[in-house]
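Build the full structure now, drawing on both the sequences and the hints.
4 protein chains.
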Amino acid sequence: MESRLIDSLVSTPETADAFSDAAVIGAMLEFEVALAAAEAEYGIIPPAAADAIASAATVEHFDAADIARQARTQATPAIPFVRALTARVRGIDATSARFVHWGATSQDVVDTALVLCLSRATAGIEAKHRALAARLIDLSEAHASTMMLGRTLLQPATPITFGLKVALWVGGICRAWRSAAHALSEAQVLQCGGAAGTLAPLGEQGLDVQRAVARRLGLTCPSAPWHAERGRLAAVVNSLAVYVCALAKMAGDVSLLMQAEVGEVAEQGGGSSTMPHKLNPSSSAIVLAAADRAPGLAASMIGAMRQEHERAVGGWHMEAPVVRDIVVTTGSAVTAALELVSGLRVSPAAMRANIDATGGVIFAERLTFLLAAGIGRDEAARLVTEAIASARESGRSFGDEVRSSPVLSTMLPSAVLADLENPASYLGSAERFRQQVLADVRSSIPA
Amino acid sequence: MESRLIDSLVSTPETADAFSDAAVIGAMLEFEVALAAAEAEYGIIPPAAADAIASAATVEHFDAADIARQARTQATPAIPFVRALTARVRGIDATSARFVHWGATSQDVVDTALVLCLSRATAGIEAKHRALAARLIDLSEAHASTMMLGRTLLQPATPITFGLKVALWVGGICRAWRSAAHALSEAQVLQCGGAAGTLAPLGEQGLDVQRAVARRLGLTCPSAPWHAERGRLAAVVNSLAVYVCALAKMAGDVSLLMQAEVGEVAEQGGGSSTMPHKLNPSSSAIVLAAADRAPGLAASMIGAMRQEHERAVGGWHMEAPVVRDIVVTTGSAVTAALELVSGLRVSPAAMRANIDATGGVIFAERLTFLLAAGIGRDEAARLVTEAIASARESGRSFGDEVRSSPVLSTMLPSAVLADLENPASYLGSAERFRQQVLADVRSSIPA
Amino acid sequence: MESRLIDSLVSTPETADAFSDAAVIGAMLEFEVALAAAEAEYGIIPPAAADAIASAATVEHFDAADIARQARTQATPAIPFVRALTARVRGIDATSARFVHWGATSQDVVDTALVLCLSRATAGIEAKHRALAARLIDLSEAHASTMMLGRTLLQPATPITFGLKVALWVGGICRAWRSAAHALSEAQVLQCGGAAGTLAPLGEQGLDVQRAVARRLGLTCPSAPWHAERGRLAAVVNSLAVYVCALAKMAGDVSLLMQAEVGEVAEQGGGSSTMPHKLNPSSSAIVLAAADRAPGLAASMIGAMRQEHERAVGGWHMEAPVVRDIVVTTGSAVTAALELVSGLRVSPAAMRANIDATGGVIFAERLTFLLAAGIGRDEAARLVTEAIASARESGRSFGDEVRSSPVLSTMLPSAVLADLENPASYLGSAERFRQQVLADVRSSIPA
Amino acid sequence: MESRLIDSLVSTPETADAFSDAAVIGAMLEFEVALAAAEAEYGIIPPAAADAIASAATVEHFDAADIARQARTQATPAIPFVRALTARVRGIDATSARFVHWGATSQDVVDTALVLCLSRATAGIEAKHRALAARLIDLSEAHASTMMLGRTLLQPATPITFGLKVALWVGGICRAWRSAAHALSEAQVLQCGGAAGTLAPLGEQGLDVQRAVARRLGLTCPSAPWHAERGRLAAVVNSLAVYVCALAKMAGDVSLLMQAEVGEVAEQGGGSSTMPHKLNPSSSAIVLAAADRAPGLAASMIGAMRQEHERAVGGWHMEAPVVRDIVVTTGSAVTAALELVSGLRVSPAAMRANIDATGGVIFAERLTFLLAAGIGRDEAARLVTEAIASARESGRSFGDEVRSSPVLSTMLPSAVLADLENPASYLGSAERFRQQVLADVRSSIPA
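Residue numbers (my numbering), protein chains in the order written: chain A, 1 to 447; chain B, 1 to 447; chain C, 1 to 447; chain D, 1 to 447.
Simulated from the structure, these hints should not be mistaken for lab results.
It is possible that some hints are incorrect.
Chain A stretches covered by chain D per the calculated footprint, using a threshold of three residues with CB under 8 angstroms from any CB of chain D [to be verified]: (1) 26-38; (2) 147-153; (3) 237-249; (4) 289-299; (5) 311-317; (6) 367-375; (7) 437-444.
Here are some chain B residues pointing at chain C (derived, C-beta under 8 angstroms) [as the list claims (entries may be wrong)]: (8) L168; (9) L202; (10) S223; (11) P295.
Cβ-Cβ distance ranges computed for the label pairs, FRET-style [said to hold, decoys possible]: (12) C/V407 / A/A349: 25 to 35 angstroms; (13) D/R215 / B/E2: 51 to 61 angstroms; (14) C/Y42 / B/P13: 49 to 59 angstroms; (15) A/P406 / C/S404: 44 to 54 angstroms; (16) C/H61 / D/R215: 48 to 58 angstroms; (17) B/P406 / D/S444: 53 to 63 angstroms.
Computed from a predicted model, the values in this text were never measured in an experiment.
Glycine is no exception: its CB is placed at the ideal position from the N, C-alpha and C atoms.
As structure tokens, then:
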């Protein structure tokens, strides 16, 4: 039975389909076809057998549900799959049926199929990542001088620019993607080792066959089979989890900035089943959901790495669903993130209004530093704290309070005091940081 | 597209189907029908509307794939679902369509549907758990006096009985199930709170309607809506994860005892795609796979508990797949565990042979205690260690070495020395512990 | 070397000290003293030996650093500890030294000591939990009719009361504590099984001794040793993790309500190293930090449950630090939560102002339901959505817009329209839910 | 109070000390000294102030316990630390005290100190890793032709060499280390951004000062502050977790091979508190304990990555202990792994005996392939399965059974049949895989 509904907020059809029964059977068939062709190339099996196996490799003739059911008895889907393929080949040419899966072991076909599905699923994700990065770069450039509150521990700090904020989002996202892309690339590795990882049935020709299979599938040929060495897949899961959480850093910020009381940005948004006035951060919610799911997937995958001897009992048997889960989760997150950014409306006016609404107290640090060199930090902080309190009491702005203070107004030049609450003159290196981060991001994106 | 194959070693169709699109749509419809009926009961909506809604509630008329696709825009499947239901009702009676989902919020229908699916999925699991417990009790009784090596840190320790070992398995499994059953029972709670959890649209009648809906669905009516209080579901996930790992304690032991070099038990087992001699602990592998997946699911669920205000952004949106995953994983594990135990062959002869193969050194502790009261632990340990070394050198059994030692043979009565390597007389309280544990287990199983 | 600084935001000295070297050595000594006393009671060892062991059991004479160092060689601290205790006893009475640790195994003393430390550490936590619950009950009562925005997906929904919000916080916190308290109580179990869990060296007297040791230590005597059955400890870790996250639900809400732009509540708060105007949600931050740490601890503990045979290789060896971590984390969180609530300032005026600032659109749902019975949900929603848009354009309040609409103003009685934006009349069952939740909470707290 | 005992099996003093109070205070002082020196270099503060700050920076004058206690009020240890440092400087020169921590924010000093401690702690780990890799390479070379059973799902498969097994261990370990070393290197980044990450108090000189501080501390200067971009630290935790689990792959295999019934290798080992005959895989246990702890640490760290705005509330506040935990856990694991390998005794005779004990059935695959090309896989498998059954019944070896079978003995040349059970002629590409893996390992180790 289909079950897409329960996964609807953590997956997209595009990525989920890359692990469908058809996709998995297809990838398993690709392995068997490539293996047979390579073995025919080296004279290990007859060319006719390779041809017959290729002819039999039609996804629609395999009953995935039946293979799935039988898989549990043998603790691997490979055995019923190879049996079904053998029967198909026998229907074409009885002699050729002798040479199906020649020299390989169950895990060879299952691991290689997983690697192939992973590769296909992540191609679509990469495309979305690049589109996302490009839009974020544009957004950062467009708001290079849009001032807003910096916020620390959810409280107003000193001002920043929205351009810097976006640059830091895309910087984190691209750093995480570089790491994920590296892990994905390292995981594009053929599995082909035979029963105990020695390719014993192929005698002296094991390495030749292995290389030929890898070449035919477009995969890297490893130094040795990796039946019980699962670090590559763990790195994929971990780095995608980190990528998802880098997206969630942005989504979390957007959902906070979109609060009615803040109102600085707005998603295209979704509605409510009952409240017509509602505009919900739906895309943010989907990204954040992915981020809540991801850490556990990493934990499961790392925890399963301790695999026994030449092939494991248990650890291996749960990997495929976990790899699928992180990839599907990532696909869901990057799709939602792209929608989020594509539809984002930004309100520089609200950003400015929120700065102003602080009554200037966010420039207390600035005043402190202006005073401190002369009278010391402690004394400066004492005077500034008093001024904040006075301003809160009088209802005046912090700047007015300072400028009207008999003590403070004489300690600094009036031009300095007049400019005290000007955010534009208290941005420090914001723009240079922004440019440096974008330069990094651009240099990491292939043309 | 179907995708059962990739999950084949971590799920069974039976449990997975309890979360299929049809099951989820069905449960959502049950909520809407019960809500309408309850509201008609209290005169809030016309009885005809309740009837029309009930008539419209036919699962096969809903396009789950379309609802799943639309769900992402609103970050909830409820909105497209309610829209589809409203359209169906309108086809029956336009006026009645006004009253669909009256007063409820998206999360009400989604949470309640999840609770209903959870309940149905776990009924089958409970039945298997009971069958498993019953077989383990029988197995323990049958082997109350079957002696075997106790093993600590994977090394031979003093003897135990296989009956005790099995009793400890079933004791841990049943303790974990009690906890899970309690959590599942506590989670059988209606969600019905409306937009902000106050049931405001129902005015004074909110509680009456809520109770009536709960009664109609066979669920507990909570003290208040739990839109952002997710502890009940977290407890379900955690306790099922612990249950799965209690099963895995047994499966891990079986896979170790089934090693060719140990050979004390054997599963019915599965074969190899290439090695005809192989008998693999397939059921153990499936249980252990479940246990490798479970901890991460608990981490994800706990991590999502910090939900914002009256309804969350993100945390809530990933719960349903995680709940489904742990339930399906548990179903897979208990099914495999039952198969494991049902087909288990036990070899008391191999157990005895492995005791004998230690050459009696496992009774070194026994001798130490026999000597220590007289000469002190340190001196006793020194003499015993010497005897072990001599036995290893001479190739004699530990007992023979002791009995032929001029020093040791005089320190204890010859009857004691003659019995030194008799495991039956060094079992301590094994049988009483076994009986106590089984008594606990039996008392916890409802008749 | 001391290392409290790096843990300063995730621990309090009080709870951390319950697992200090002195506390652990003390608890290990308690086990050995109780074991010796019980064995003397049953005539297994001489009374003088029990006395000598009791005399030797002075924490300050044990070199914990040296025991810790030696522990790694044997993979247990028990062996160097027993050696040190034996040496101490020998100094008092050489004969008595023969009877130290009689019949017990390493894990007996280490597990029992962990249980004792756990018990002491959690007593302080429970006291703080009770104080917290009491203050939250008072806070809820004080704000039973303080109206505020309900917020869903971080956007304004329909109104609630602050009293209800607080009731749901304390409801979730107390539900989680009940579960944790149950798990803690179930874990107060003696470990005393000897080498392979049969108490073989004690012959027929094993159970008697076991019960006597449990009685002396104030622990439950289990049906059997639990050397490799770790479900009780896993339940402790899981349920404390859930409790921490229930606290974090509150802390997260507080940190959001305390945003300058929201301003509805304020913690006593902490300052900034550089910004004098800052008031940070320091206590919230500490609670939230605990919640970010907790899920991983649960995952580690569940993942280690699959322990081999009679005593494990690895899984057991990492439990004590994880148990300590979750307890210390919980102590940190509940301490900060109590400080948070104790110093919380609430601004009903700001709550009201934030309702008003929505311009009445949060009553759009109310109007929809008022209209829908007459004209249907779809038509009602259409008209209401138009009114929202008009109000946003005109700058008028939603109510004014509705009351001035030629269409809408005629569809409902003017008294109803006049009351449209009155939050007090759109609270539904808020107060009854609040009372029901507090009644549950009160009934669960022992007098 | 000290608390090393409870951590004794998951830490070593060497690594733990790198995060001691003294180490952390020392690293915080280094930041402040470097900051002051850089600021003096650019004329921002007087050179005398930088000198005074350097003079005041003596670890032993800081009360870490007091700073830790105060840290909770402000949710950062930086505030009481800066206050204490300022007081110290004031004692030296009152004017200079004005310039302590100039322009920096709390998180700057805490993050940079964490990075410095991390760097120091991991230097020792790297040294042990290299020693471990070197010994494993030697071990693999020494056993290039030592034949043993391959084992899959804990059952005998076809033969391998111990040299290949060790090569795969070291291959996985070194792959994981490369990844960890890369992550550690990327994380050697200065944090220096001021209140909101713009270095506003330093005006135009922010970047110059930042670069100078980085240079003085030997750290990389980032493109921008990373106050809320935590991917680098998450990558460190994840990759160390994977490294620990790569060590655990080896430790798990050793603990299995060391079982009395297998007896192929033995650790130096640890003893039992009560059983004199015991030789426990103590080092393996410690490595495996680390691996059981690691996945949860990764989950916690990834889960905390979603940090709010410019600096987080909660997520950041729990990072330091988690980073410390994974580093200390890794230090414990690599130390134990090195001890394990250094003391490992290997028994080629036992390996051979275990091959022989299978009665030749592990060559069933070989015979199947020999027959299959002629008669097909299915028919071959049928005949071979019959031969296995006959051999098990007759008690003869598989080879003898085959050679005496009227059917099978005629299907293959007698020379082939005579060699059937010779493991040396059924190793396939084992030696070439071994050499390829070691070549990879060697190329990745800097000279």
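Taking the hints in turn, this is what the structure says about them:
1. 26-38: Per the Cβ count (0), the hint is violated.
2. 147-153: Result for this restraint: holds, n = 4.
3. 237-249: Coverage by chain D holds for the stretch 237-249 of chain A (8 residues, Cβ < 8 angstroms).
4. 289-299: holds (count 7)
5. 311-317: This one holds; 3 residues, not fewer than the three required, reach chain D with a Cβ under 8 angstroms.
6. 367-375: Contact hint for the stretch 367-375 of chain A vs chain D: holds, 4 residues under 8 angstroms.
7. 437-444: holds (count 3)
8. L168: holds, 6 angstroms
9. L202: holds, 6 angstroms
10. S223: Constraint on B/S223 satisfied, holds at 4 angstroms.
11. P295: Constraint on B/P295 satisfied, holds at 4 angstroms.
12. C/V407 / A/A349: 25 to 35 angstroms: holds, 33 angstroms
13. D/R215 / B/E2: 51 to 61 angstroms: Because 59 angstroms falls inside the window, the suggested range holds.
14. C/Y42 / B/P13: 49 to 59 angstroms: holds, 57 angstroms
15. A/P406 / C/S404: 44 to 54 angstroms: Given range 44 to 54 angstroms: holds, Cβ gap about 53 angstroms.
16. C/H61 / D/R215: 48 to 58 angstroms: Since the Cβ atoms of C/H61 and D/R215 sit about 51 angstroms apart, the hinted range of 48 to 58 angstroms holds.
17. B/P406 / D/S444: 53 to 63 angstroms: This hint holds: roughly 60 angstroms between Cβ atoms.
Hint 1 from the earlier list is the only one contradicted by this structure; the remaining hints agree with it.
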